[in-house]
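Using the sequences and the accompanying hints, generate a full structural model.
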Amino acid sequence: MNSASFAEMSARQRLAAIVDDRSFHEWLPPSDRVTSPHLAQLGVPAAFDDGVAIGRATLSGRAIFVAAQEGEFMGGGVGEVHGAKLVGLLRRALRDRPDAVVLLAESGGVRLHEANAGLIAVSEVMRALLDARAAGIATVMLIGGANGCFGGMGIVARCADTVVMSDIARHAMSGPEVIESSNGAGEFDSRDRALVWRTTGGKHRWLTGDCDVLVEDDPAAFRAAAIAALDVHRPMTLAALQQESMLLQWRTAIAGEGADAIELWTLLGVADARAVPDLDAAAVRVLRPAAVAPLANGGA
Amino acid sequence: MTGMETLHFEFDGGRVLAPFEPALVGVVASGNLEVLVESAPGAACRVDVDTSARGFGAIWEAVLRDFHARHGIAGVTVSIHDMGATPAVVSLRLDQAMSAVWGAPP
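Residue numbers (this note's numbering), protein chains in the order written: chain F, 1368 to 1667; chain Y, 60 to 165.
Derived by calculation from the structure, the hints in this document are not laboratory data.
Quick caveat, the model's predicted, so the values are computed rather than measured.
Note that beta-carbon positions come from the ideal geometry of N, C-alpha and C, so glycine has one too.
Treat the hints with care, as some may be off.
Restraint ranges, calculated between C-beta atoms of paired labels, are given here [claimed, not checked]:
no., chain 1, residue 1, chain 2, residue 2, range
1, F, Thr1604, Y, Ala147, 57 to 63 Å
2, F, Glu1375, Y, Gly116, 30 to 36 Å
3, Y, Gly131, F, Leu1409, 33 to 39 Å
4, Y, Gly114, F, Gln1616, 57 to 63 Å
5, F, Gln1610, Y, Ala147, 53 to 59 Å
6, Y, Gly131, F, Glu1554, 57 to 63 Å
Some chain Y residues well away from chain F (every beta-carbon gap over 12 Å; in silico) [stated by the list, open to error]:
no., residue
7, Phe68
8, Ala128
9, His130
10, Gly131
Okay, here's the thing in structure tokens:
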């Protein structure tokens, strides 16, 4: 053991490990007590920061805005205040023009306790993130928390210029339990950990082109990837969106009906796909099929 | 559905701390709690508790009295959001919070 696990750190520990030493200046800190107005009615204690820390910092000496979601509080669920903090950060970025907005995402999506307020909050986060990206501010998602990045935050992640994941991170729309409860264990057994990881994990997202940078579960690796992403911009031109749409249609057609992840990797051109779950991130990085590379940054 | 229980305690005695930056430790999660320690005017040690587990006021008082006896601090407000942490976990979080106040690594 020579380094900490990014997955096992708290949101605030991750923040401290990613940005330059002691450079984080928090907005709406816990002592401001900007908390959820909804949870008390349900008998649930609030969190002083509503599960997300936001602020400015430097990264390799460059000005960034940064947010970190705490997955242990309500599964990182986005409530009204939590979402408003993210939106405020992104809108302030439009005004103050940092080099990047870096989001350390760990979330199950909308906080169901706050229902419509949470849904609206997540959609506002998407809009604000796309506005920042369109304004030429690098938007970077770091996904490595134990709870993964699902639901509305899973969509937010794919709105960014760059998505960084560890091999043990997970990213998807509906979470495993959600799929099982709506479509049955025959469709998706949420207790089958190998299935969950090969369908939502970082290696799968890398091999299918949904994740731009695959790293080990190591805060230093995430920091290095975030620094490299400071100058990565993916302008949303009509031509770029049309190309992406074509590739996604091709990928969907390849997958066909009900292909398991290993079968899909094989169809996409990964040699010896069966070995992938046992490989480390470095070994998987070289396996990405050339055909999906244009979906991701730095792919060629 | 029963709501949360809110408890307030105040302990006298101890030395008044010089003003310090607020310190937050822990997280609101099942069997866990978050503790925010702040400077406060006056010479009391005030503790506010929001807890999802009702009916444990006497145990809270005992755990917090121990905490105050251990640290002997005044001029502070301790705010707690609890989701059913055990007394031992509460004591550890309180000690961790004081370490953070003194500037030790959390």
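Practice item. Determine whether the non-interface label on Y/His130 survives the test: each CB of chain F must be over 12 Å from its CB. Key: holds (20 Å)
Check your understanding: Y/Gly131 and F/Leu1409, beta-carbon distance inside 33 to 39 Å?
Key -> holds (38 Å)
Review point. Given a hinted range of 57 to 63 Å, is it respected by the beta-carbon distance of Y/Gly114 and F/Gln1616?
Key: Since Y/Gly114 and F/Gln1616 have Cβ atoms about 59 Å apart, the given range 57 to 63 Å holds.
Check your understanding: Given a hinted range of 53 to 59 Å, is it respected by the beta-carbon distance of F/Gln1610 and Y/Ala147?
Key -> holds (58 Å)
Practice item. Given the range 30 to 36 Å, decide if the beta-carbon distance of F/Glu1375 to Y/Gly116 lies inside it. Key: Since F/Glu1375 and Y/Gly116 have Cβ atoms about 34 Å apart, the given range 30 to 36 Å holds.
Point to revise | Outcome for the supplied range 57 to 63 Å, where the beta carbon pair is Y/Gly131 and F/Glu1554 | key: holds (60 Å)
Practice item. Evaluate the given range 57 to 63 Å for the C-beta pair formed by F/Thr1604 and Y/Ala147. Key: holds (58 Å)
Review point. Is it the case that Y/Ala128 keeps its Cβ farther than 12 Å from each residue Cβ in chain F?
Key: The claim stands: Y/Ala128 keeps its Cβ more than 12 Å from every Cβ of chain F (closest is about 26 Å).
Review point. Should the label of Y/Gly131 as a non-interface residue stand, given a Cβ cut-off of 12 Å to chain F?
Key: holds (23 Å)
Exercise for review: Grab the minimum beta-carbon distance between Y/Phe68 and chain F and tell me whether it stays above 12 Å.
Suggested key: Non-interface label stands for Y/Phe68: nearest chain F Cβ at 17 Å, farther than 12 Å.
Hint compliance for this structure: no hint is broken.
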